[in-house]
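A.B. asks: Take a look at the letters that make up each chain.
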Amino acid sequence: MSFFANKQALVAEILSRYPVGRERSAVMPLLREVQNAEGFVSDARVAEIAAIIKSTPTEVKSVMSFYSTYSSSPTGKYHLQVCMTLSCALAGSDQMWDYLCETLDIGVGDVTSDGLFSVQKVECLGSCGTAPLMQVSDSGYYECLTKKRLNALLADFKARGDGSMPESDTRAPVFVQKNGDVVTQITAEGAIL
Amino acid sequence: MTAVAEVVSPEKPKSITSGLDPRFKPRLYEHVGQNNSWTLEYALRHGAYEGAKKALAGTPESVQDEVKKAGLRGRGGAGFPTGVKWSFMPKEDGKPHYLVCNADESEPGTYKDRYLMEADPHQLLEGMLIGMHAIRANVGYIYIRGEYILGANRLNAAIAEARAAGILGENALGFGKSMEVHVHRGAGAYICGEETALMNSLEGLRANPRLKPPFPAQAGIFGMPSTVNNVVSIASAALIMRHGADWFSSMGTEKSKGNFLFHISGPIKRPGVYELPLGTTYREIIYTWGGGPTEPIKAFNPGGSSTPMLPFTDEILDMQADYENCAAKGTFLGTGGIILIPQNCDIVNMMYNYVRFYGHESCGKCTPCREGIGTWMNRIFQKLISGKGDPNDVKILEDLFGNIKGKSFCLLADSCIMPVQSAMKLFRDEFEYIAQHGKPMYTGYGNRWKDE
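Chains as they are written, first to last, in my numbering: chain A, 1 to 193; chain B, 194 to 645.
Some clues are possibly wrong.
[Said to hold, decoys possible] The calculated lysine to any residue pairs, modelled on SDA-like cross-linking and capped at a C-alpha distance of 20 Å, are: (1) A/Lys121 - B/Leu398; (2) A/Lys54 - B/Phe415; (3) A/Lys121 - B/Ile490; (4) A/Lys158 - A/Gln120; (5) A/Lys61 - B/Asn640; (6) A/Lys77 - B/His553; (7) B/Lys558 - A/Ser62; (8) B/Lys643 - A/Asn151; (9) B/Lys643 - A/Thr103; (10) B/Lys370 - B/Ala250; (11) B/Lys643 - A/Leu100; (12) A/Lys77 - A/Arg24; (13) A/Lys147 - B/Asn640; (14) B/Lys462 - B/Ile490; (15) B/Lys576 - B/Ile589; (16) A/Lys77 - A/Lys54; (17) B/Lys643 - A/Thr146; (18) A/Lys147 - B/Trp642; (19) A/Lys121 - B/Gln575; (20) A/Lys121 - B/Phe273; (21) A/Lys61 - B/Glu396; (22) A/Lys147 - B/Gly639.
Think of the hints as simulated: they come from the structure by calculation, not from any bench.
One chain only, chain B, in its complex shape (with noise of 0.2 Å):
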């Protein structure tokens, strides 16, 4: 498939798709590495809040409307509008609104939020007070994974501060509105990112997901209408009221509007996280800006573990990264976090070390996913590589994937057998190699840590 074409109407500018585009200029981590960035003297300096004022000054409506009209869709992966999102929330209820920040980053060859909490606490501040507003909500949670503890600090420090300046408190940014925020530490739980176990572990239960409906916005924290929004989503809603919708919708494709933080773990020349527009090629990400390849690469996750490979191909290097391209090749966007796969790597070792995170990571609720990923999964895999396999374990595993995809109550058992089923697919010679021989095709899995 070739890229998809621009719509381009003859008065309007052709939309920005690349990172090399001169009008593109990084907003989310503009402030990223700058020194003291993380205190509100530099955040007020740098234009901070001006856009929550704009926010508060509005209806709700009008908050919800500017960020649909911008075209931004959820940055956590699974890319549903988040102004949509918040119109699903009760009117004139009388019920307490909760806001809560997914900011449990968890997704394997995921780092992006983690930066952007650290050295920017205020533009995730501000972002979560225009969406308390745009949600009538007075409290707000963000729900920071425990290990991030520099992240924790910050955004801690950053509140008590904005608290102290009358940004958030009793009388927020001087709207006469009670705007409070808190950070609520995980302890390790990968489980803890999908919403409706966040909630329960911010309620002080055991994170096991809940049945859906009620959806959060009926019945979400403490039985209350809530809202869960990554960390992304929420800050780039604070860019988009500071520099309006239009700014926003002049980055990206068709359908995938906006700038979108991209991110590339595995052997590659410079690991790091590069805030791009959507439909930057994958080509542009990886070389021009990752510095390509350390090694020959034959697959990538395009989103974090659970995305389905795809192959390192041209054609798929020159495709533009976006939700629509990346479904039409049976994948997902997800959170930009892209996994290179070495060539030298056994994929069966890889996708082993996959099945042994997420049998580590189910919550063990639904037997599909806890026996199935857990047990079955696990153990096959564990023959195969310890060279006890055979050939008709290729077919239960194949078998599995069927009795375990869509059984479940959330999507963590889909999100193990998705990758595993897209590397079966790709590279099953290697699945049936292992099987055979006793031994991997390739043997590069086992040697790779650097003395120096």
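Bound conformation, chain A alone (with noise of 0.2 Å):
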């Protein structure tokens, strides 16, 4: 079964944003597409994404390969992605990391026997001011990780079990430099604490 064949529109607005003759740019948002709604990207996807782009499979792989964040074999409906480098690592990373393959009693290419869950080593998240953290799915970051909050979190995740995700408390707080000598701790969702 064809997952482009009924979104078309969807397909056409994605290759506007290169130029004409230029549809092989189009092929990380269609892999995105694909990874978002499948959690994996299978060789069939591949093909029709090939089709798409005016290519091969064999050169949409090749650039699949190379980035972290598409997967050719099923994950779970929470992806979890913890970011291992430096400035997480100084924060326990490392532990988390192995609290949390015990936990849920998986390793890397693993997915619980409930499917809910599946577990990546990552590289630098961008967001070392709020160190642990990890990145779920293609959706937001959960921040500043202790081991209270990761187990409230995984809770949270088996009680919904369908995928969504917990719509506020998902970012911890940074301080940013405001007027005069105050500092002032400030969220993404634009709030001010």
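Assembly of the complex is requested from the two constituent chains, each provided in isolation within its own frame, with the hints serving as guidance.
C.D. replies: Rendered as structure tokens:
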């Protein structure tokens, strides 16, 4: 069954971002659509994308395998990507990773038997002020994770069970310099704490 | 070295080099943290697109000149003058030109672009319009790292609002010129921050860097003249057009002008992004704004993991942070992402973290980088950390530095060697200790995760 057959408007919009004759540029956004909808990109989808961008499945796979956020095997409804780079490591990301794998009883490439969770080690997520953190699927960041916060988050995901994300409390504040000598704590949601 | 003395002419007021100076006011992050700051309605109430109107009313050269006069240097880490970069673009060549905003913020320790894009996307779009006008481009791409999902959503929403309001589109801001901006999401690859790798990624190829020349201004994306600028460089251009080159150059030291986003991670009381004038001392950044370290510190990377470490001494803390002072100390101002290195953590373990990062992120094109970092250095560090090292390993590492640095297409390999080499220079005793005794000199790296 085709993935893009009934999404022609979306495909046209994606292609319109690039010059005529440069369909190949659309490979990343098209891979993203499939990855988010199906949790991985199968060979059949790779072939579909190749046809849209007028390329070959081999070329699409070569691009896909270059990046860390496309997966060729199924992932859980909550794909937990833990940042392991130094600022996170100095906040305990190695221990957090071990705890996560032990608690969920999985390793890299596995999915929990209920289909809910998979785990991946990733490199710097660019949120070093709110370490340690993880990205969940193609959703937001979950920051300043203590053991308590991580446990609560896992319980929340299990209770939902459908891949949906909690609406709030996903992002931790950082400090910014505001006028004068006041340091203010902000969240990207816009709130000043 | 003491701080570089300011050049003060009698009629000119002293340059602003401290966030405590009453004349200093954050502009890049002025609206970060304000409710609804990402909406067009909010942005227009706060003067957005006034700078773009001024720019579009003038010639591309006049915009280039204003930015040159301001002294803006690239904020992605390399510090190349932005206005000069724009002037490399051909004039009447009849080809489409492209402006690419490098928002692939992936340098460890760096998180300045993220909050700016999330909270103030219109500031970036305004800068895009200005930059596109300056290089005679009708289309601009914002290449945002795939993990910045909120940022991409906010930018897309801002673009839609700007199109609906006639700020972008066929007759952008009513100047009769077509101007479009598109967001292109990355998918997790550090190398995409390298401008030629970014261009390959945008073209739907594997993100291997390209050989230069040709430079992007000659043949960039789609083979057309292109310019790649960092998020903060582009946003700064918007502020320069709004507030004037003199406002910008009233801040900073002799050759390093303007406001800059310093940000701190590691064991610090208030991790965050601090917009301060260039020339602010590291002491002010780390203590006055960051609140000081939460444990003893032995060194820091001044601007992302790739910048060689500086020792955490009074002399360095009292140094004014700018391009020249950092260069004089053998390092770089970089992205401004300061990473504090705790005293009680073993340097070899911490440097293995970096080596693993660069090994993972090597695109695999050049052998010295792929094998040298990805295999050799990784294995030697693993050997040392697992207690199986011997004193000769330190010498092998040193030999590897010389065989990797400067031997690859792009700077990724050098970016790995520089901090590791600096760490070995500063803390050679720790390398020799672990090689000889099979255990680290400091053991604080292992258990740092908080329960609550």
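A.B. asks: What are the numbers of the hints the structure violates, in ascending order?
C.D. replies: Of the numbered hints given earlier, those the structure breaks are 1, 3, 5, 6, 12, 16, 20, listed in rising order.
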